[in-house]
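Respectively, the protein sequence lines represent chains A and B. Here the first sequence is numbered in the numbering used here, starting from 1 and rising by one per residue. Here the second sequence is numbered in the numbering used here, starting from 1 and rising by one per residue.
Keep in mind that a hint or two might mislead.
Claimed, not checked - So the derived list for chain B, only partly shown, Cβ under 7 angstroms to chain A, looks like this:
hint: 1; residue: GLY16
hint: 2; residue: ALA17
hint: 3; residue: SER32
hint: 4; residue: SER43
hint: 5; residue: PHE92
hint: 6; residue: SER102
By construction, these hints were calculated from the structure, which means they are not laboratory data. Every residue gets a Cβ at the ideal spot worked out from N, C-alpha and C, and that includes glycine.
Chain residues, written in single-letter form:
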Amino acid sequence: SAVISQKPSRDICQRGTSLTIQCQVDSQVTMMFWYRQQPGQSLTLIATANQGSEATYESGFVIDKFPISRPNLTFSTLTVSNMSPEDSSIYLCSVALSVLSYEQYFGPGTRLTVT
Amino acid sequence: QKEVEQNSGPLSVPEGAIASLNCTYSDRGSQSFFWYRQYSGKSPELIMSIYSNGDKEDGRFTAQLNKASQYVSLLIRDSQPSDSATYLCAVFDNFNKFYFGSGTKLNVKP
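Just chain B, with the same shape it has in the complex (with noise of 0.2 angstroms):
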């Protein structure tokens, strides 16, 4: 059973700072890796996707893909009240399909 951990959280952080999302897959063999933003009643939102090992950034969201650890990470830097919301971490594998974890929920205090 391929599996998708995250802690569920919640992670609660003040206003500004930088909030460390953590995902580990289970299978060696997944080649994508994505991060959704899902807000309560709402359906999930993309917001980053990386397939090789290392940084990368796209404005206040950075990923990082460690696949000898089998680990993904999401930073949302200057977090803001708005990225309150559950963070779902996505695994694609060689067999095409996805495998969701269940998800961090993120509170940004004002």
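The following block holds chain A by itself, in its conformation from the complex (with noise of 0.2 angstroms):
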């Protein structure tokens, strides 16, 4: 498996403004994906982040509301932009760590409240 990190944890915003979320890796893997849960509900896909070009978005989701960075193999960031209270959420990211198995791990998730 990978140790999987993400900063913040928690945050409370209010509306109107933009959060980056990051996820840290202990390892280079070579998918990194966002997902978002909203309570008492399952995970939906936001993006798959590529390593040096442009992240690949779900249907529902736009780069301008959630811009992805991903400069390396073991860093990706995740921002919500213009923020509304629909956007509280969890933010989780993911990696899978090889192209053979497709197992997926994730990050510990950033609860976010948007007021």
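Starting from two chains that each stand alone, build the complex the way the hints lay out.
Here is the structure:
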């Protein structure tokens, strides 16, 4: 497995502001993902973070709202821009260590509350 | 729209019993299947992966895969109160995307 850390672990933000969430992995990984999990719901994939190129976004998520960076194989950031209360959620980064097994491991998550 | 279906539960079993969790998926081309456990307030934790038809055992956990029926299951033997959590089924398709079910909440009663 991998050790994955996220910062911040939680935050309370005002509407209209932006928050950048960091994800750090203790080893180089090929695949990194960003998910959102709203209370009592399952995981929704926001995007795949691609090293050295633009992220691949899922339907319903756009780069202007959720810009993602991935400068190297161990680090990525997700920014939640121009926040509204509907963005209140848990944001999770995950990694797949191997393109053979595709086993995915999750960071501890960032709990975001927008007021 | 690719789908992964799970019964939301809650599934209640007495301590020591076998808990059986089920999952169906819509994409016949899917090749990799996973079970995650998520405790309340925590992130999902990988407990089993399975790639070929049949059974795969790891301790008290057995994953079963039937690709013809597009069906994956997880059996937990000798269930313990510490197994009480939400269990998520996940499918990885041929386009490098994961799809998660909505999860089944398991309650193991002492």
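Structure-based check of each hint:
1. GLY16: GLY16 (chain B) check fails; min Cβ-Cβ to chain A is 29 angstroms, beyond 7 angstroms.
2. ALA17: violated (26 angstroms)
3. SER32: OK, holds: SER32 (chain B) within 7 angstroms of chain A, min 5 angstroms.
4. SER43: holds (4 angstroms)
5. PHE92: Result: holds, 5 angstroms to nearest chain A Cβ.
6. SER102: Holds, because the Cβ-Cβ distance from SER102 (chain B) to chain A comes to roughly 4 angstroms (cut-off 7 angstroms).
Hint violations for this structure: numbers 1, 2, all remaining hints satisfied.
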